[in-house]
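Colleague: Given next are the chains, with one letter for each unit.
Number of protein chains: 2
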Amino acid sequence: MKVTLNRSAFLEELATVQRAISGKTTIPILTGVKLTITESGLTLTGSNADISIETFLNVNNEKANMLIESTGSIVIQARFFNEIIKKLPEQTLTLELIENNQVIITSGKALFNVNGLNAESYPQLPIVDDKTSFKLPARVLNKLISETVFAVSSQESKPILTGVHLTLNNSQLLAVATDSHRLSQRKIELDNVNQVFDVVIPGKSLLELSRSFKDEEELVDISIMDNQILFRTETMNFYSRLLEGNYPDTNRLIPTSFNTEINFNVSNLLSAIDRASLLSHEGRNNIVKLSIDSENVTIYGNSPEIGNVEEKLSYLEVEGEPIVISFNPDYMKASLKSFGDIDITIRFISPIRPFTLQPKDGDIEFIQLITPVRTN
Amino acid sequence: MKVTLNRSAFLEELATVQRAISGKTTIPILTGVKLTITESGLTLTGSNADISIETFLNVNNEKANMLIESTGSIVIQARFFNEIIKKLPEQTLTLELIENNQVIITSGKALFNVNGLNAESYPQLPIVDDKTSFKLPARVLNKLISETVFAVSSQESKPILTGVHLTLNNSQLLAVATDSHRLSQRKIELDNVNQVFDVVIPGKSLLELSRSFKDEEELVDISIMDNQILFRTETMNFYSRLLEGNYPDTNRLIPTSFNTEINFNVSNLLSAIDRASLLSHEGRNNIVKLSIDSENVTIYGNSPEIGNVEEKLSYLEVEGEPIVISFNPDYMKASLKSFGDIDITIRFISPIRPFTLQPKDGDIEFIQLITPVRTN
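Going down the list, the sequences are from chains A and B. Heads up: the first sequence at position 314 corresponds to 314 in the UniProt record's numbering, and the numbers run straight through without jumps. Heads up: the second sequence at position 153 corresponds to 153 in the UniProt record's numbering, and the numbers run straight through without jumps.
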């Protein structure tokens with residue numbers, strides 16, 4: 001195995017597979033990155049218990065400017081390898097596998113000789129079944145992830161809630177996340193997709209996935225396998241394990257009739273909540289209080305030690321009954337951030353029933369729910 | 001006490017005094033920032049066991065656009081105060097002290113009511129004796145700090161070595177730092193200064209000081225008091241305690257005759273050392289080996305587990321006897337970084353004697369020493 005190529009093109013691929021590589025694995029070979037040179041190009045592989053990433057650099061890739069002298073395969077400790085490649089002196093580097101799994105890395109006058117591991121010991125990645133696959137642009141997938149993943153549970157006590165529930169049925173893709181205090185749900189209508197599935201994908205996998213795309217417009221081919229999901233682009237295969245178990249039925253949680261409705265601009269509301277939460281974070285209960293009547297909409301925060309804050313809020317329109325409701329400002333902040341800078345509608349039933357947040361204009365396919373905190 | 005002023009001007013002052021405020025102090029009032037309004041402006045004070053910083057915002061400062069309605073003084077918890085001011089909605093804010101040490105902070109529609117502490121309980125800062133003072137531009141002082149402070153010891157077992165030894169004698173200012181493995185010394189000739197002193201300033205104080213100047217060209221007035229040093233600019237008083245004890249005599253450590261001399265460009269050498277240290281950091285002994293002869297100059301690094309690296313170095317000139325010498329690459333890197341991107345001369349006596357580093361051209365007032373590591 002011997003190849004000469006552009007250092008920054010190589011570093012970019014290395015950074016992608018490195019997302020899947022953990023220093024903390026109990027399987028030593030998984031601390032390494034697998035390099036495979038064939039006549040058609042260079043494949044890099046990184047993997048841990050949850051995700052595996054494979055990237056492919058085509059021999060004809062102009063930026064990579066690759067010269068393949070011989071083919072082969074080796075595994076190299078990812079941590080050092082990345083540092084070494086970063087610090088090489090020239091824009092080009094050569095990798096050569098010599099005897100005893102040793103790899104010579106040269107660039108300019110620098111010569112590294114590093115100990116590799118036999119690539120045959122590296123675990124096989126799952127085999128793809130092309131039958132259940134559909135495509136989405138990376139942009140749409142990234143939006144779906146950022147709109148839901150923040151609401152998954154971080155508590156391992158209910159493992160199924162640490163994932164995003166993704167179902168496809170009647171050409172409708174539905175993504176739901178909840179930690180049982182708040183919920184976020186996004187629907188996407190697809191064109192004539194016959195597949196049907198119902199899976200739960202770890203939130204962490206989706207976060208890594210959304211950071212791994214190179215181009216917002218590239219098409220992502222999504223295949224479901226037995227206990228894995230594969231996201232495939234032209235140059236990357238991203239595998240994630242699926243969570244096992246039954247996801248709770250969340251559809252019945254979303255209320256349909258309300259007593260108070262108010263419209264806000266997200267940025268205005270977000271900065272006010274942010275200020276109110278400065279003090280609530282210091283109190284024993286991290287809550288802020290929102291009071292809505294026909295005259296004023298006011299937010300209150302307080303901490304017995306530090307002091308208190310109150311602010312009359314700017315809002316767009318309000319209608320319905322007056323209400324005073326308390327909630328965790330961190331849930332509200334995460335929810336507002338996921339909308340981006342638009343106008344939203346918040347609808348309330350009563351101080352003890354969950355309230356909903358939705359884009360004000362048209363987009364009814366995105367809805368969030370936050371459970372209030374009861375106070376006396 | 002009531003004042004209205006520009007938020008970003010206020011935040012800038014707050015950030016400066018905050019350098020002196022630690023959340024970990026055992027004296028509760030020192031977790032606060034002291035605000036004093038007089039008819040001439042606003043003074044902020046922050047302090048910990050090592051340093052105290054006082055800044056002054058003049059009532060006529062255009063950017064601050066200050067309106068003083070009444071004078072007074074209060075201490076406010078620094079951590080929240082800073083967060084609150086940062087997140088206020090408008091460019092202007094009003095601070096008003098009401099009864100029971102409570103402070104009302106308003107900006108736009110936001111109103112905070114925070115609990116302060118009586119300013120009379122705040123410790124007095126030392127009184128300045130103007131007799132022993134001299135002036136340096138902030139730029140010169142910052143350079144002196146960056147050239148020496150990296151070499152102080154981080155070990156509290158020899159507390160005196162955690163400081164920079166600063167002496168003034170015959171109009172010559174001398175700064176020396178050493179952790180007993182390496183040493184850095186800078187001399188500055190001053191114009192006709194009659195003062196004589198010999199003090200040791202904590203390295204950490206100097207680091208904070210060098211980050212606190214607003215303008216590289218402002219003049220800093222330096223006064224030595226009993227167990228304090230005061231750095232004074234037009235808008236800031238920066239006090240540091242001095243270290244007690246006798247600083248070792250370092251002058252006799254600097255060798256004067258050598259057997260090998262070589263010139264390098266700092267950036268070239270630094271990147272090569274950086275590469276060699278990638279592997280040495282993983283070995284039991286963090287050392288790299290430099291080999292100099294009339295044909296080649298080569299650097300070697302190795303780690304039994306990971307592999308090894310060698311690189312022929314680019315250098316400018318070499319003369320004298322061949323030598324093979326080993327050293328800690330981290331000392332070399334810190335030393336090289338303090339020179340900036342210039343050409344330097346390294347002079348060796350033997351593999352077991354300290355070697356010196358100096359600017360190649362002219363500037364003999366800056367010299368560094370690194371002790372090699374004996375290997376067999």
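Treat the hints with care, as some may be off.
[Claimed, not checked] When the alpha-carbon atoms are kept at most 25 Å apart in a straight line, the in silico DMTMM-like pairs for lysine to aspartate or glutamate are as follows:
{"hint": "1", "chain 1": "B", "residue 1": "K333", "chain 2": "B", "residue 2": "E310"}
{"hint": "2", "chain 1": "A", "residue 1": "K143", "chain 2": "A", "residue 2": "D215"}
{"hint": "3", "chain 1": "B", "residue 1": "K24", "chain 2": "A", "residue 2": "E305"}
{"hint": "4", "chain 1": "B", "residue 1": "K2", "chain 2": "A", "residue 2": "E317"}
{"hint": "5", "chain 1": "B", "residue 1": "K87", "chain 2": "A", "residue 2": "E96"}
{"hint": "6", "chain 1": "B", "residue 1": "K187", "chain 2": "B", "residue 2": "E218"}
{"hint": "7", "chain 1": "B", "residue 1": "K109", "chain 2": "A", "residue 2": "E90"}
{"hint": "8", "chain 1": "B", "residue 1": "K109", "chain 2": "A", "residue 2": "D343"}
{"hint": "9", "chain 1": "A", "residue 1": "K360", "chain 2": "A", "residue 2": "E305"}
{"hint": "10", "chain 1": "A", "residue 1": "K158", "chain 2": "A", "residue 2": "D50"}
{"hint": "11", "chain 1": "B", "residue 1": "K204", "chain 2": "B", "residue 2": "D221"}
{"hint": "12", "chain 1": "A", "residue 1": "K24", "chain 2": "A", "residue 2": "E83"}
{"hint": "13", "chain 1": "A", "residue 1": "K109", "chain 2": "B", "residue 2": "D330"}
{"hint": "14", "chain 1": "B", "residue 1": "K86", "chain 2": "A", "residue 2": "D330"}
{"hint": "15", "chain 1": "A", "residue 1": "K109", "chain 2": "B", "residue 2": "D341"}
{"hint": "16", "chain 1": "A", "residue 1": "K87", "chain 2": "B", "residue 2": "D330"}
{"hint": "17", "chain 1": "B", "residue 1": "K109", "chain 2": "A", "residue 2": "E365"}
{"hint": "18", "chain 1": "A", "residue 1": "K63", "chain 2": "A", "residue 2": "E216"}
{"hint": "19", "chain 1": "B", "residue 1": "K360", "chain 2": "B", "residue 2": "E189"}
{"hint": "20", "chain 1": "B", "residue 1": "K24", "chain 2": "A", "residue 2": "E282"}
{"hint": "21", "chain 1": "B", "residue 1": "K289", "chain 2": "A", "residue 2": "E90"}
{"hint": "22", "chain 1": "B", "residue 1": "K187", "chain 2": "B", "residue 2": "D221"}
{"hint": "23", "chain 1": "A", "residue 1": "K86", "chain 2": "A", "residue 2": "D215"}
{"hint": "24", "chain 1": "B", "residue 1": "K312", "chain 2": "A", "residue 2": "E96"}
{"hint": "25", "chain 1": "A", "residue 1": "K109", "chain 2": "B", "residue 2": "D343"}
{"hint": "26", "chain 1": "A", "residue 1": "K87", "chain 2": "B", "residue 2": "E310"}
{"hint": "27", "chain 1": "A", "residue 1": "K333", "chain 2": "A", "residue 2": "E365"}
Since the hints were derived computationally from the structure, they do not count as laboratory data.
Colleague: Are any of the numbered hints broken by this structure? If so, which, sorted upward?
Modeller: Hint check: 4, 5, 7, 9, 17 fail, others pass.
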